[in-house]
Amino acid sequence: MCLVLLAGCARLAGSIAADTLSAAILDQDDPELVASGVPAYLLLVDGLIARNGDDPALLAAGAQLFALYGSRFAETPERAVALTAKARRYGARALCLAHEPACDWDGLDYDAFVQALQDVGRKDIDALFAYAVGWLAHLDATSEDWTAVAELPWVQAALERVLELDESYREGTVHGYLGTLYALRPPALGGRPEEAQRHFERAIELSHGRDLSLKVEYARRYARLVFDQELHDRLLNEVLNAAVEAPGLTLFNVLAKQEARGLLATSKEYF
Amino acid sequence: MRRAKALLERGRNVALLAVLAVLACAAAPVGAVELKVATIAPDGSHWMQRMRAAADTVAERTSGRVTIKFYPGGVMGNDAQVLRKIRVGQLQGGAFTAGGLASRYGGLNLYGIPLLFRSLDEVDYVRRELDEELLARLEDAGFVGFGFVEGGFANLLSSEPIATVEDLRRKKVWVPDGDEISFLAMQTLGLSPVVLPVTDVLTGLQTGLLDVSFASPVAALVLQWHTRVKYITELPVSYSMGIFALEANAFRRLSSEDQAILREVITDAVTELDRAARADNARAREVLLSSGVQPVHVNAADVEEWRATIEGLYPQLRSRPDVDGPLFDRLLELLAQYRASGESGSH
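Listed in order, the protein sequences are those of chains L and H. With the numbering used here as the guide, the letters of the first sequence map in order to residues 1 to 271. With the numbering used here as the guide, the letters of the second sequence map in order to residues 1001 to 1347.
Each hint should be verified, as a subset may be incorrect.
DSS-like cross-link-like pairs, simulated, lysine-lysine; straight-line CA separation at most 27 Å [as the list claims (entries may be wrong)]:
id, chain 1, residue 1, chain 2, residue 2
1, L, K268, H, K1085
2, L, K268, H, K1036
3, L, K268, H, K1171
Some chain L residues close to chain H (C-beta under 8 Å, calculated; not the full set) [what the hints assert, rightly or not]:
id, residue
4, D109
5, A188
6, G190
7, V226
Worth flagging that the hints you see were computed from the coordinates, not collected in a lab. Even glycine gets a Cβ: it sits at the ideal position worked out from N, Cα and C.
Using the sequences and the hints given, assemble the complete structure.
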């Protein structure tokens, strides 16, 4: 039923269909249902994209769905690599369609890449975001390889550009990603915890505290990096005491609570 | 009947207490020792995963008598700051750069002398002969080391190709804060070294304060210097290592049985990391090149001239308080042997 309906709509409003799909998943409070149900949605999205391969909005939504599923629900590391590779391809195609110069960005050196990003405008922010998120999910899934380490600055630059275009895009999500990236390395290896903290604080502010995964990442990435147990435990307890239901965030919030419990359980041992 | 029940309940309470006592013992046996260890490796890194696994094995095999608590991500500061914290007993050990412990034992500066080694085969030959001796003398100097982890050869990284000494002479060349031997070597080569902490190099390359830095491929990627340089000069500039070491008194307070377990388990982990490091650097080098950094081959005659210049510095290095002179002599003998056998084609 759903399949027929969406396929029928696709020609007229592929992007709306994909958005509806995304909302149905993101508002779900049962991660296991998502884990078992999403593959069918992914097939559907693949089908929509096969038929409407020149719709940047549909590709952008596809990139995000594959990134989400690949990084959070894939059963094996190999599956995560394959699924996020598709996320990355869809994201790159979305941006290439929305902003033609991006079709030739492969292999640009860092300075040229940063320069090229300046030409992406506000109207293409969805495609740029999908491009960055698909790429980041793929790097995360392949983080055992040095290529992932090498490419991180490029993805970070793309996210910085999204932020420049609209700081409040997706209620602070971009700040959250940047907070994580700045906290990946300790200061002695070039990391910048103070920048990470600034981004996490701003992300939480922009999401009005509703996106619990931001607090979990703030605790896991920043508080552990700088050995601030008080902050760590406070953030995680806030997560455990918060409501999970929030439009577009319920699924992540349920997952965030699970992770908060795990992190709190190892707090004493870590600090 | 009531008395019987009361007894039973008391009995249950006693049993519960006994269970709790056992659990408490399992968590921390009487006389248990917690060794606090600092490292700049980030939590979650391969290095930390391997060392945490080793720590779990130690705790298990010593029935919880010895546990290791890690302070990752450089939260306890750099090598010098960690050494100070060890001195006041706040920490018992750390993962250091070999040069970072050279203030305690000068032998640890030897492998890092610029242009000393010409190949990893030479490194392997020398390390097979000298590593154990370095560890033994380090122990005399108050630190129990569990082996070295290769950092690899550093190469020159630059925004313009460096193929000759002349290319280098016109440039602002980085030298790490506190690395007096590299500083001396660069001065001897007639270069103008710019002293900066490693964390300022990226900005230095970006702002033009620096033209040339050097690092192993792994370090170059982690520090993101590949975003700021365009060329890598194919010359092993210097060899670097890390070392995991505990303050000797803290180590000796353990029973000899626990000392043996610690030595065995940690040495295994360190040896494994040491072996993995070489493949890591080889792969990181490929990635560096595919990210657009161009290889530059240095003029062979020039290299010989550089080497000769630095060799002229050896007598001065040999007499420094932070260099183990006699061991330096042995190292040079080993290298001479190795090279002679190579020339006669017998190794």
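| message | Please verify whether K268 (chain L) and K1036 (chain H) have alpha carbons no more than 27 Å apart. | response | Status holds; Cα separation ~15 Å.
| task | Go through the hint on A188 (chain L) and say holds or violated, using the shortest Cβ distance to chain H against 8 Å. | result | holds, 4 Å
| query | Close enough to count: is the Cβ of D109 (chain L) nearer than 8 Å to one in chain H? | reply | holds, 5 Å
| query | How about G190 (chain L): closest beta carbon in chain H under 8 Å, or not? | reply | Holds: closest Cβ of chain H sits about 5 Å from G190 (chain L), inside 8 Å.
| message | Checking hints one by one. Is V226 (chain L) an interface residue toward chain H, by the C-beta closer than 8 Å rule? | response | holds, 7 Å
| Would the pair K268 (chain L) and K1085 (chain H) pass a check requiring their Cα atoms to be no farther apart than 27 Å? | holds, 22 Å
| task | Assess, step by step, whether the Cα of K268 (chain L) is no farther than 27 Å from the Cα of K1171 (chain H), and give holds or violated. | result | violated, 50 Å
Against the hints set out earlier in the document, a violation occurs for number 3 only.
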